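Protein sequences appear in the order of chains A and B. Taking this note's numbering, I'd label the letters of the first sequence as residues 18 to 117. Taking this note's numbering, I'd label the letters of the second sequence as residues 152 to 323.
FYI, nobody ran anything at the bench for these hints, they're computed from the structure. A few of these clues could be false.
Below are the DSS-like pairs computed for lysine-lysine, each with C-alpha atoms no more than 27 Å apart in a straight line [stated by the list, open to error]:
#: 1; chain 1: A; residue 1: Lys104; chain 2: B; residue 2: Lys175
#: 2; chain 1: A; residue 1: Lys116; chain 2: B; residue 2: Lys279
#: 3; chain 1: A; residue 1: Lys104; chain 2: A; residue 2: Lys116
#: 4; chain 1: B; residue 1: Lys279; chain 2: B; residue 2: Lys262
#: 5; chain 1: A; residue 1: Lys116; chain 2: B; residue 2: Lys267
#: 6; chain 1: A; residue 1: Lys104; chain 2: B; residue 2: Lys262
A quick note: this is a predicted structure, and the numbers were derived from the prediction, not measured.
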Amino acid sequence: MVTQEHYLILSAILFGIGAIGVLVRRNAIIIFMCIELMLNAVNLSLVAFSRQMNSIDGQVFVFFIMTVAAAEAAIGLAIMVSLFRNKETLNVDEINLMKW
Amino acid sequence: MELLLFYIFGGVTVLASLGLVSGKNPVHSALFMVVVFFMMAALFVMLRAEFLAAAQILVYAGAIMVLFLFVIMLLRLQPEELRNTGRQGYQRFFGVILGVVLVIQIALTVKGGLFKGIMGSFTPEAVKGFGGNTEAVAAVMFTDYLFPFELTSAILLMAIVGAVVLTKKELK
């Protein structure tokens, strides 16, 4: 029997891997993919709670998160294209124009 | 049987996400990400959220990852290791430690079992009465969440306009 705890722990592991990726990697596109991974981990826990609580609301939230993630991907990749056009790099250590 | 499937899907998800984080080539990372999305869709089916499983494959594996791959192949990226800045070692060490601590904290919270709430009315039988998961999601989304649903259309419109403006060569 798979309990809710299984799903929540799996979600925590995926979220942790995504967080490690954001902290460790230097390539902006891979950092962006790690953010998508963290969003997915949260989606998994929302759906697990939705089943546990006999409620559909969690699944509706996940649907909204998916649309926002799609919008975010479009904008973020557009930012990366224009960044690359100006700086010739996507290494986040070299993108420091706004660093004080 | 259900437990076995859970461990297969969950294990592949974790392995693929490790590959995503550790891969040198962004294209490999993107392909690992596709695996993660498909396995996540399988887990959604196991949680009886069939509509979300289909949406996950269509939106994430279909649309978002194609966009990612398109941008990766459009840009000529140098391998990240060639442009090492020297601080990599420290960052890697502390990043991994922070991530592991985060996972342990969440796991302890989950094991503490502090989650309580009001049970909803959508029992498996009630969902069956609606005609299935998709119908039940629609029944909630177009009544209680109608305004947020309309707002998402505005968000998507803004995203389209924003992406076009950002990637335009020069604004007149």
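Okay, the hints, checked on the actual structure:
1. Lys104/A / Lys175/B: holds (21 Å)
2. Lys116/A / Lys279/B: violated (55 Å)
3. Lys104/A / Lys116/A: Roughly 15 Å separates the two Cα atoms, so the pair holds.
4. Lys279/B / Lys262/B: Violated, at about 32 Å.
5. Lys116/A / Lys267/B: violated (44 Å)
6. Lys104/A / Lys262/B: Distance of about 47 Å is beyond 27 Å: violated.
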